[in-house]
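Student: Just so you know, the sequences run in chain order R and G. Residue 136 in our numbering is what sits at position 136 of the first sequence, and the numbering runs on without skipping anything. Residue 169 in our numbering is what sits at position 169 of the second sequence, and the numbering runs on without skipping anything.
Think of the hints as simulated: they come from the structure by calculation, not from any bench. Nothing here was measured: the structure is a model prediction, and the numbers come from that model. Every residue, glycine too, gets a C-beta built ideally from N, C-alpha and C. Check the hints yourself; a few may be wrong.
Lysine-lysine pairs mimicking DSS-like chemistry, simulated, CA-CA at most 30 Å apart [what the hints assert, rightly or not]: (1) R:Lys118 to G:Lys46; (2) R:Lys100 to G:Lys115; (3) R:Lys108 to G:Lys21; (4) R:Lys20 to G:Lys109; (5) G:Lys238 to R:Lys86; (6) R:Lys238 to R:Lys64; (7) R:Lys10 to R:Lys289; (8) R:Lys108 to G:Lys109; (9) G:Lys115 to R:Lys115; (10) R:Lys173 to R:Lys349.
Here are some chain G residues the structure puts well away from chain R; computed CB gaps all over 10 Å [what the hints assert, rightly or not]: (11) Thr39; (12) Arg43; (13) Ser86; (14) Val105; (15) Gly143; (16) Met145; (17) Tyr192; (18) Glu261; (19) Tyr291; (20) Tyr313; (21) Glu336.
Rough simulated footprint, nothing fancy, chain R against chain G, three-plus residues with beta-carbon under 8 Å [what the hints assert, rightly or not]: (22) 59-73; (23) 77-83.
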Amino acid sequence: MDLRIEEHAKILVDYSVAIKRGDKVVIQASPESHELAVAVAKYVAKAGGSSVTLMSSEEIDRAKFDGANDETLTVFPEHLMALIEKSDASINLRAPVNTKAMANVDPKRLMILAKTYKPLADLMNTKRWVVTVHPTNTLAQQGNMSLEEYRDFVYGACLRDWEKESELMYKMKEHLEKHKDIRFIGPETDIYASTEGRIWEAADGKYNMPDGEVFTAPVEDTVEGKIYFDVPFLQQGKVIEGVRLTFEKGEVVDYSAEKEQETLKQLLEVDDGARRLGEMAIGVNRGIKDYTLNMLFDEKIGDTIHCALGMAYPECNGVNESAIHIDMIKTMIDGEIFAGDELIYSKGKYFYEMY
Amino acid sequence: MDPRVEEHAKILVEWSTEVKKGDMVGILATPEAYDLVLTTTKRVAKAGGRPLTVLWTDEIARAFFDGADDETIQLLPKHILAVVESSDVIIAINAPENTKSLAGVNPEKQMMDAKAMEPIMVTYLSKRWVATLHPTNSLAQQGNMSLEEYRDFVYDAMLIDWKEAGKFVNLIKDRLEKQSSIRFVGPETDLYASTEGRIWIAGDGKNNMPCGEVFTAPVEDTVEGNIYFDIPFLQYGKVVDGVRLTFEKGEVVDYSAEKEEATLKQVIETDEGSKRLGEMAIGTNRGIKKYTLNMLFDEKLGDTIHCALGLAYADANGTNKSAVHVDIIKSMKEGEILAGEDVIYSKGKFFYEK
């Protein structure tokens, strides 16, 4: 076994969900992440927990849709609910066999099932949980890499000293929360927002692995200025690139994209909330060297910021509502981040790296 | 996909477990059984049930043993108990990647785990359940076949008309239950037992797939005579062959084996119950063409009988207790089976085939 799989498992079990004696743990894996599931099962047992592993995949989901009629889609999974009720933590090892297996399922039927599973998702959120990725060919292909390259990429992002990373993220959160606003400055960019009464969250690998961002929800009607996002992103099967947005009183008043402007337009027109920012965030994971069109990784790239159009997180005290939440990323190597009059980041250095 | 994987799923869902609208269905599987998981999931959904697949592999079990201390092994996994309790149906698919993954685990730890899991096993057995197998290279290799040959072997045994096959095993059961004794006669063999008060169970593919046997638990102290088992079997990693047993008042008084006699000795000396028969049975599945050292298949071979040393099934009204249940098989092409005076089987033909 690749020794990095062991290390990955150790981080998930010991750091992310911190398994202790007597814990009941649910592991979710696909056939492609069996090796990681084996390693996680060992570390859970070492910590004194007992685990059960669920096999899930897009193909299995697809088979459910292919077999079920609409009434069957509303049958509540009581056995899964019973399992989660008795569990203390869940560890989700995503490793798709084929990311497009669900592409041709009627979105209306997806909504029916999502509604059926809602109480389950709510219950899961009350437990300790973490989502991670195990490298597979399908993900490597999506990221334009060989499997071996992609493995290096994933483990570079995940196998970090998370205690130390966490300390730095909390330091940044503290500094940001001393002030009442945030400002991103750079090429073609000067965007400002008030953060009064809002909370900055340090995403330090407890729920996502990899992780590494500090994020908030800006005060909805205070966003002013313009921004140029130079990192492409995947939305509705399309790669959108070179987005420029101009804000007045929190709303997008002008926009353009170098590629797929039509898709950007559609997104902005989804609802009222889609024209406002639900999130402003700073990526801090220097283990992620390049974007791969996978948001779990891209939004955490070190020396970047990202903003999301649409829904805001209530845990940040955000109130913007929308059916969408679209993250867009900008590199900051030539930029600066200010909170009030404090320089948080400047051209490759966070404040704690400046002195 | 091999269309036989679809057919297999259909039999498991519609015949063995009869999944209906609203049923909560647990599927136990390995990555090797992925194709069968997909077809079974679809069939369950078609029947209106809600499937949930548990990834259950020897490698994961091994990892648990490698990581856990004794206290952790003895812990009852309440979340697993909860998911089994709230299920109506369980479909357990055996599809190993490596049948020897647990070989290096201390048997005492395995016994400890089995004891901790007992409430879960008991709950599992109270549900509609079926144990089946999906062909893998690991199993093909154990059966001395290529994967393609082994697939043919497996599907020939399983993809039969179970309704029809069910009729015959029930016919045999009815006939056997009219009498109060059973006798196996053949080369070097004349073995008798009383079956008074015992139940003959017709294995018609509900709990095992493949299936095809009619079995009971003989009255413990009535087994008399001798028997020669000419089909080898796997026990504790060893192939035991050519077993001869002599019984008096239900107990083994003499034994020998052409191969691995020491292993046979170990089995017989396990405890008091392992010197007695817990099961006597007739195999009826003619779709199984040869033995493969896999008991799920071998004990169902058509034109064979088998006896098990050790634990008796309570649902047959058996009372013999033992930590072991070791099935041993004999071909009957040259033998006869009698229940009381009634000839149930003679040299290749069941009574209803005359």
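Student: Now tell me, hint by hint, if it's right for this structure.
Tutor: The hints, checked one at a time:
no.: 1; hint: R:Lys118 to G:Lys46; in the structure: holds, 22 Å
no.: 2; hint: R:Lys100 to G:Lys115; in the structure: violated, 44 Å
no.: 3; hint: R:Lys108 to G:Lys21; in the structure: holds, 22 Å
no.: 4; hint: R:Lys20 to G:Lys109; in the structure: holds, 21 Å
no.: 5; hint: G:Lys238 to R:Lys86; in the structure: violated, 41 Å
no.: 6; hint: R:Lys238 to R:Lys64; in the structure: holds, 27 Å
no.: 7; hint: R:Lys10 to R:Lys289; in the structure: holds, 23 Å
no.: 8; hint: R:Lys108 to G:Lys109; in the structure: violated, 50 Å
no.: 9; hint: G:Lys115 to R:Lys115; in the structure: violated, 40 Å
no.: 10; hint: R:Lys173 to R:Lys349; in the structure: holds, 16 Å
no.: 11; hint: Thr39; in the structure: violated, 7 Å
no.: 12; hint: Arg43; in the structure: violated, 6 Å
no.: 13; hint: Ser86; in the structure: violated, 4 Å
no.: 14; hint: Val105; in the structure: holds, 12 Å
no.: 15; hint: Gly143; in the structure: holds, 24 Å
no.: 16; hint: Met145; in the structure: holds, 24 Å
no.: 17; hint: Tyr192; in the structure: holds, 47 Å
no.: 18; hint: Glu261; in the structure: holds, 38 Å
no.: 19; hint: Tyr291; in the structure: holds, 31 Å
no.: 20; hint: Tyr313; in the structure: holds, 27 Å
no.: 21; hint: Glu336; in the structure: holds, 48 Å
no.: 22; hint: 59-73; in the structure: holds (count 12)
no.: 23; hint: 77-83; in the structure: holds (count 7)
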